[in-house]
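Participant: Please work from the sequences and hints to get the whole structure.
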Amino acid sequence: MSPTTVERISVRTSDDVVVVRQRIRALAIQAGLGLVDQTKIVTAASELARNMVDFAGGGVAIIEIVEKDGRTGIRCTFEDHGPGIPDISLAMRDGYTTGEGLGYGLGGAKRLSNEFNIETEIGKGTRVIIARWR
Amino acid sequence: MERIPILKMGNFLLVTIQMEMHDRLAMTLQDDLTERIVQTRARGVLIDISSLELVDSFIGRMLRDIAAVAMLLGAQTVVVGMKPAVAITLVELGLTLRGVRAALTVERGMEMLRASMPESLLASMKKTPRKA
Chain A
1 MSPTTVERIS
11 VRTSDDVVVV
21 RQRIRALAIQ
31 AGLGLVDQTK
41 IVTAASELAR
51 NMVDFAGGGV
61 AIIEIVEKDG
71 RTGIRCTFED
81 HGPGIPDISL
91 AMRDGYTTGE
101 GLGYGLGGAK
111 RLSNEFNIET
121 EIGKGTRVII
131 ARWR
Chain B
1001 MERIPILKMG
1011 NFLLVTIQME
1021 MHDRLAMTLQ
1031 DDLTERIVQT
1041 RARGVLIDIS
1051 SLELVDSFIG
1061 RMLRDIAAVA
1071 MLLGAQTVVV
1081 GMKPAVAITL
1091 VELGLTLRGV
1101 RAALTVERGM
1111 EMLRASMPES
1121 LLASMKKTPR
1131 KA
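Residue numbers (this note's numbering), protein chains in the order written: chain A, 1 to 134; chain B, 1001 to 1132.
The hints are simulated quantities; they were obtained by calculation from the structure and are not laboratory data.
No residue lacks a Cβ here, since even glycine has one placed at the ideal position from N, Cα and C.
Honestly, I wouldn't trust all of these hints.
[To be verified] Computed footprint of chain B on chain A; a stretch qualifies when at least three of its residues, placed anywhere within it, have a C-beta under 8 Å from a C-beta of chain B:
id	stretch
1	18-28
2	36-42
3	106-117
Facilitator: Spelled out as structure tokens, the structure:
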């Protein structure tokens, strides 16, 4: 997977979450994703970006247009230096929340993506990578 | 501060969300709507989301909370105009918005609200324009 376009966005506030959504939408259109695929990846990203604001004091979103096996897609990486997630399987469960959301963030983001990867370390931070292909 | 306008039409309040929803805007709408329901004694709230390109769990929660609060204040809520891509995404996200009623168009939403009103109220609503 070699990225052709890369954008980095600092995510500190809920206004930054809106910026992330707008940039991912723009790149998803550029990558040729259909309307439903665009909506899915943007919604997944909105959940993950908000998680960083709510639980990790913010972080960075990296958006890339990527090519793999002749397919084009969007890959988004969300990196924070927050407290980390003690129990990932619990956090992935629908309805589980420690904050103000509905608790669909992680599990929902996984369902809305073709690829989903999460790495977390207590006291160090969390990195979530999602991708959606055309 | 930017706000989403709330229009009064008879016993109903109409809200059209035409800008990108950020969190503060969502909170303000919730507060403003609650206030207007009490102030105008509205019996129904119609929220048009046909311009929304996305409903994530935060906006979903806002819609659900608005409907729940409105119900406690005696007003029904109908959400209209959800885009198909948004509906598909919401279902996959796992959000069912239980308690929020929906209609495809504004007209059907209005019909739905009227249908849920007691007969006596509908009669008085019909009389109002003639008096004016």
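Participant: Against each hint, give a clear statement of whether it holds in the structure.
Facilitator: Right, here's what the structure says about each hint:
1. 18-28: holds (count 4)
2. 36-42: Since three or more residues must qualify, the claim that chain B covers the stretch 36-42 of chain A holds, with 5 doing so at under 8 Å.
3. 106-117: Holds, because 4 residues of the stretch 106-117 of chain A bring their Cβ atoms closer than 8 Å to Cβ atoms of chain B.
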